[in-house]
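2 protein chains.
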Amino acid sequence: MTAWIDRRALDLFAIEHPLLLAPMAGSGGSALATAVAHAGGLGAIPCASISLQTIEAEVKTFRTATSGARVNLNFFAHAPITPTGEATQRWLDRLAPYFAEFGVNVADLPKAGGRAPFDSAMCSLIETLRPEVVSFHFGLPVDALLDRVKATGAIVIASATTVAEGRWLQERGCDAVIAQGYEAGGHRGNFLTDDMATQPGTFALVPQMVDALKVPVIAAGGIADGRGMAAALCLGASAVQLGTAFLLSEEATTVTAHRNALRTARDDNTAVTNVLTGRPARGIVNRIMREVGMLSSDALPFPLAGGPLTPLRAATEPDGLGDFQPLWSGQAGALARDASATEIAMQIAERAARMLGI
Amino acid sequence: MTAWIDRRALDLFAIEHPLLLAPMAGSGGSALATAVAHAGGLGAIPCASISLQTIEAEVKTFRTATSGARVNLNFFAHAPITPTGEATQRWLDRLAPYFAEFGVNVADLPKAGGRAPFDSAMCSLIETLRPEVVSFHFGLPVDALLDRVKATGAIVIASATTVAEGRWLQERGCDAVIAQGYEAGGHRGNFLTDDMATQPGTFALVPQMVDALKVPVIAAGGIADGRGMAAALCLGASAVQLGTAFLLSEEATTVTAHRNALRTARDDNTAVTNVLTGRPARGIVNRIMREVGMLSSDALPFPLAGGPLTPLRAATEPDGLGDFQPLWSGQAGALARDASATEIAMQIAERAARMLGI
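Each protein sequence line maps, in turn, to chains A and B. The first sequence begins at 1 in my numbering and counts up by one. The second sequence begins at 1 in my numbering and counts up by one.
It cannot be assumed that every hint is accurate.
Where chains are identical, the list cannot tell them apart; a pair therefore holds if satisfied intra-copy or between any two copies.
To be verified - Keeping only pairs whose Cα atoms sit at most 25 Å apart, straight-line, the calculated SDA-like set for lysine to any residue is: (1) 150 <-> 50; (2) 214 <-> 337; (3) 214 <-> 354; (4) 214 <-> 148; (5) 60 <-> 101; (6) 214 <-> 128; (7) 111 <-> 172; (8) 150 <-> 99; (9) 214 <-> 311; (10) 111 <-> 152; (11) 60 <-> 215.
Keep in mind the hints are simulated off the structure, nothing from the lab. Keep in mind the model is a prediction, meaning the values are calculated, not measured.
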């Protein structure tokens, strides 16, 4: 057993190493969660884009494979926005050249695309499944739902992109706060601000969050190897949450176009964009981000912006191109390795422990 | 003597602690450099905005006060751009409402504002003064000048905001590279790219730079206490460069409006803007940044955008307002302390050493 100095996160999650798997809708399910749990970290199952039946099956698979390790079920807590017809038309107009290029008939476009906010039915499932950890992104659900989750005894954690968001989460009873630096891949968890110009990086955010909060802080964003884990713990984090580090792992369900992009990732080829889903998220720069612009006021609100992209993705993905789909990655994508997630997690934790003289 | 593990930067700069003072035009001169040198770090004198005579006097003062410690003279290496009359008019038009508000007569506006690029006269001064370290921002000067600097025996270092820029600097003979993360205050050193959307944060940049380069990497951006210094060394940096940490120190020449802003700095109230000088630089968000926009295509090229702001600053600064002037700060401004720079530097280095078990 490694003698990590700050045991708060270890005790809270009953894990051996202070390392959490970031929930990654589309790229990680029970297999990836199991692999990280086998390494002594906390596995997570992203639940926002899958059905209640699938959530139940995934949890069962995880629990069987890990002999009952603690699991983190992740949900989105956004307030859905219904756009005006005018806003919808503006986004379709913006995408019209692509529809023409790929022969897409606008009348055939699919409606929205998954990513439902946490609701009463999901809450009932929590009450049945009793996951040890429930995490939220984009803030927290309304009090009535949050109270029900807490009544199950679940540990509740959520993402904060600023100290102000961290305080807000702590005041509402979160047991730990994920400090999500600007380097992080995928959706930014921001909910008190939409201003991407002022979002702090991991290096500045973590110590200021630690100074402001009483609950343990989990560092996320740009951490993808043992050096990063050791550095985050030096900054005062009680644990780290890693996603990009596992995107190329055997157990990840990362699609081919996404894997291709990750294999040539650089420090300077990701950006935060809202054109893929309607909310700011970091991914490897692709054609639609470059051409429509990273942050477009034309993009429909989350998650609706992504719907009309579905046929464009379908037309290009078979060629291995990621031109019209999310290629989520943090800024440390170049550090992601092609190995088993258990091995990746163990090597990261062991190297960090060695560096810190543990 | 502290037993830092990676001695490359210590030996290169003949310092006791792997801590460099960031050159900060307007906020730090020989007094601040001396204070940091007294703590066992490397002092720096920003030379881009002062006359040759002042540079000479500053170096003399520093050398006398430190009994000949090594000194880092910092210069800008940008290629000046002469704007068209149309571009100049566009910027004046953009600022016209402010001129009206404060009764500024456009005919009375001052020309540019200092910040000259490194030239032959400065190079001659280097040949005379023989500083042990010469650093450049915005790339490197032309070969003929760089060769003359290197012929003096000076150690040459420069800032890179991406791994590509780091490689470029190493190829041209830099003895060490400053990895300037997106959290950093003041001017971004970017020179191969203008794209602020893809600039990596310190956490992601440092390890990737370390992996790519043979020369020592100096981490900069968001580092303002012992935790940050320890974390940067974990990421593989051979040393750290700190600026914001010293902005409130007794020896800094930071003006009152700037100090006032720093005393209420938060993790999420800085942004990268080009409206204050024409080049992207991080500062505490003030009125002109908020109203004109962080990155404006109307801003004149560096350093000319700042000229027309001079009378607006003069009209507001006496009231302690920083509405129209640079309030440079990294994202860790809230960690800056009001103490002597020697004490600040020593406490940072000692805490980092303790954390790393040194």
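Checked hints:
no., hint, in the structure
1, 150 <-> 50, "within (22 Å within a copy, 61 Å between copies)"
2, 214 <-> 337, "between (34 Å within a copy, 22 Å between copies)"
3, 214 <-> 354, "between (28 Å within a copy, 23 Å between copies)"
4, 214 <-> 148, "within (24 Å within a copy, 55 Å between copies)"
5, 60 <-> 101, "neither (44 Å within a copy, 67 Å between copies)"
6, 214 <-> 128, "neither (31 Å within a copy, 56 Å between copies)"
7, 111 <-> 172, "neither (34 Å within a copy, 54 Å between copies)"
8, 150 <-> 99, "neither (46 Å within a copy, 57 Å between copies)"
9, 214 <-> 311, "neither (47 Å within a copy, 46 Å between copies)"
10, 111 <-> 152, "neither (35 Å within a copy, 68 Å between copies)"
11, 60 <-> 215, "neither (30 Å within a copy, 51 Å between copies)"
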